[in-house]
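Knowing the structure of chain A, use the given hints to seat chain B on it.
First to last, the protein sequences are chains A and B. The first sequence runs 23 to 384 under this note's numbering. The second sequence runs 23 to 384 under this note's numbering.
No lab work stands behind these hints: they were computed from the structure. Among the clues, some could well be false.
The list makes no distinction among identical chains, and a pair is therefore deemed to hold if it is satisfied within one copy or across any two copies.
Unchecked claim - Listed next, the in silico DMTMM-like pairs over lysine to aspartate or glutamate satisfying Cα-Cα at most 20 Å (straight line):
1) 377 - 332
2) 132 - 254
3) 116 - 234
4) 129 - 254
5) 139 - 241
6) 275 - 76
7) 208 - 285
Only a predicted model underlies this, so the values are computations on that prediction, with no experimental measurement involved.
Protein chains: 2
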Amino acid sequence: MKKNRIYNFNPGPAALPLSVLEEIKESFLNLNGTGMSITEISHRSKDFESILDDAISRTKRLLNLDDRFHVLFCQSGASMQFCMIPMNLLREGKSADYVNTGTWSEKAIKEARIQGKKIKVVASSEDRDYSYIPQNIQFSGDAEYVHITSNNTIKGTQWPAFPDTKGIPLIADMSSDMMSRPFDAKPFGLFYAGAQKNLGPAGVCMVVIRNDMLERVPDNLPTMLKYTIFSEKKSLYNTPPCVAIYAVHLVLKWLEETIGGLEKMAEINRKKAELIYSTIDAGGFYRGTATPGSRSKMNVTFRLPNENLEKQFIQEALDNDLGGLKGHRSVGGCRASLYNAVSLSAVEALTDFMKNFERKNG
Amino acid sequence: MKKNRIYNFNPGPAALPLSVLEEIKESFLNLNGTGMSITEISHRSKDFESILDDAISRTKRLLNLDDRFHVLFCQSGASMQFCMIPMNLLREGKSADYVNTGTWSEKAIKEARIQGKKIKVVASSEDRDYSYIPQNIQFSGDAEYVHITSNNTIKGTQWPAFPDTKGIPLIADMSSDMMSRPFDAKPFGLFYAGAQKNLGPAGVCMVVIRNDMLERVPDNLPTMLKYTIFSEKKSLYNTPPCVAIYAVHLVLKWLEETIGGLEKMAEINRKKAELIYSTIDAGGFYRGTATPGSRSKMNVTFRLPNENLEKQFIQEALDNDLGGLKGHRSVGGCRASLYNAVSLSAVEALTDFMKNFERKNG
Chain A
23 MKKNRIYNFN PGPAALPLSV LEEIKESFLN LNGTGMSITE ISHRSKDFES
73 ILDDAISRTK RLLNLDDRFH VLFCQSGASM QFCMIPMNLL REGKSADYVN
123 TGTWSEKAIK EARIQGKKIK VVASSEDRDY SYIPQNIQFS GDAEYVHITS
173 NNTIKGTQWP AFPDTKGIPL IADMSSDMMS RPFDAKPFGL FYAGAQKNLG
223 PAGVCMVVIR NDMLERVPDN LPTMLKYTIF SEKKSLYNTP PCVAIYAVHL
273 VLKWLEETIG GLEKMAEINR KKAELIYSTI DAGGFYRGTA TPGSRSKMNV
323 TFRLPNENLE KQFIQEALDN DLGGLKGHRS VGGCRASLYN AVSLSAVEAL
373 TDFMKNFERK NG
Chain B
23 MKKNRIYNFN PGPAALPLSV LEEIKESFLN LNGTGMSITE ISHRSKDFES
73 ILDDAISRTK RLLNLDDRFH VLFCQSGASM QFCMIPMNLL REGKSADYVN
123 TGTWSEKAIK EARIQGKKIK VVASSEDRDY SYIPQNIQFS GDAEYVHITS
173 NNTIKGTQWP AFPDTKGIPL IADMSSDMMS RPFDAKPFGL FYAGAQKNLG
223 PAGVCMVVIR NDMLERVPDN LPTMLKYTIF SEKKSLYNTP PCVAIYAVHL
273 VLKWLEETIG GLEKMAEINR KKAELIYSTI DAGGFYRGTA TPGSRSKMNV
323 TFRLPNENLE KQFIQEALDN DLGGLKGHRS VGGCRASLYN AVSLSAVEAL
373 TDFMKNFERK NG
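Bound conformation, chain A alone (with noise of 0.2 Å):
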């Protein structure tokens, strides 16, 4: 039983700012005086909508994207996109390229195959059990887009720049990644991101469309299966997950107005990341699953010298308030998710207990 809130590294749900998490508390019996709890009002009132409003424009602004992109709130996370992207935007006989950086892009691709879509996987790091990001990749002329996963959360992998794709649509899941650095979104058909790493709580996922690919959308896909659907409504055709995006509009404010935007905040992370690798790779207790040029600065991934000691680590850590870094189940080891609110004094204190840590066990 911890009295007090612990340094949090959980790989999703993760950490929120706690300032965030004390404007919801603070306002959750009475939300902006409407007497309504934000689970209370409705979502075609005049708050609510100046919610929805208000997250829009701090994402284009956040984002600088320019009026082609439209920014939409969907459900089920990254896994529903998965589905979605291949039935609204690979037409009838064309062919999408896909990129294979492990777990989340091989659900991508299965999703994409169950629908019967004629897809080319045509770069993989599956022959070094994904520890890499693929370069000098050969994209189809004709593809109808690339979809890459900028930042992959299992495997502690992360693309340090997006590949040139000549003009065919990039898409990307950055479900791990999103608004932790600012990137050029001109090149983007979609991009998309489950709000639970960066953005706020589970159960809303941010999708932001450009222009051009909504005219791509078949007239008879099930309507909340369509983009132009979320974007003709504003994400309002049916009840939208309120509590989330209300959420993700404190998460995007903070961004903006306590941070100052994403050049300030890549320059927190990395800070963060810095610190953390500098200590795995100071000494040979620590080592480092993803490939130098590759590592993630959102999750970063390291093996002990055994299984036990691994246990014992996380074991000792959480007795130290420190949590959530145990590896994802598929793989084992230990994982630190460094995302934006996940603050420099956390990573110190963690560094400070793996210097320790090893002292006593190396």
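For chain B alone, kept in the frame of chain A given last:
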């Protein structure tokens, strides 16, 4: 600006029990001594699994479900179920019966047709503006299922009893009256409810499905659209909407432990409805829009002598801390939604106001 909480008659998202909101608020920075918020804990942690298990067990107890029934937590509201039901349960070459009792039935019908599924509308109350529930319906002997809308939020009608389908599985959209009264679940193949009326905040949809229906699910559906996946993975194939499920679990606990179950809840709901309908029927000032035998105990729809008076009524009510009384934008008029969390004293305050308003303006 309201300093205090108001009486909330919203149609959904809607009022939640104050004790539930207070518990969410209290635990918001540190849930059960985890040192983390419900927004921050892992969906694969013991803490979350016990919340999920508790929500499932309480649902089974409250609805008296036997082991053939599975309780699932989906996303994207009842609107996504309109699509998933025919996709999963209406097999190639077969047909299903639908009863049309208003907007939400129409949407369910539309989503089956979009998929090219064969359906038959066996009864409709469109002839009298959906003001009643059809009786003595002839169902097709070979229908795969019969789909009904148990309560019609917009038109204020509700099935007083469920039809005898002679063994054909019933499927019901119970979004606006789930858990408001006990019923015999055995004839149902599936029933579902967007949470944002009687169950919790928007962002989660409860689906209860019977074993034999799961056998119909085709293999080649997108993973996130398959009931079998939700059932096999206990709604944890991907990250579920943890906060919304946590709130549902607290609402169900309140229903069981504070209210005392669905018989008791139904008794309170009956009293609330009687109070307001008797106020409507007492003079000629208010006019109920639903046919008496089909009146909803959840959504009471009524008109005043003219639209100006309706506008004035809604505004003065809000000035008196009675909110959410505007009729649906598609029909106008007034509507008081009396979901489980709306107390008898809230309804007394409303009927007192109605009598006063009638005295001054009648």
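20 Å Cα cut-off: does residue 132 pair with residue 254 within a copy, between copies, both or neither? between (29 Å within a copy, 19 Å between copies)
Quick one: residue 275 to residue 76, C-alpha cut-off 20 Å, is that within a copy, between copies, both, or neither? within (9 Å within a copy, 35 Å between copies)
Intra- versus inter-subunit Cα pairing at 20 Å for residue 139 with residue 241: Answer is both; intra-copy 17 Å and inter-copy 16 Å each pass.
Between residue 129 and residue 254, at a C-alpha cutoff of 20 Å, which is it: within one copy, between copies, both, or neither? Answer is between: at 18 Å across copies they meet the 20 Å cutoff, but 28 Å inside does not.
From the Cα coordinates, with 20 Å as the cut-off, is the pair residue 377 and residue 332 best called within, between, both, or neither? within (14 Å within a copy, 70 Å between copies)
Checking residue 208 and residue 285: alpha-carbon separation at most 20 Å within a copy, between copies, both or neither? within (18 Å within a copy, 58 Å between copies)
Evaluate residue 116 and residue 234 at a C-alpha cut-off of 20 Å and name the case that applies: within, between, both or neither. within (16 Å within a copy, 38 Å between copies)
The earlier numbered hints are all upheld by this structure, with none contradicted.
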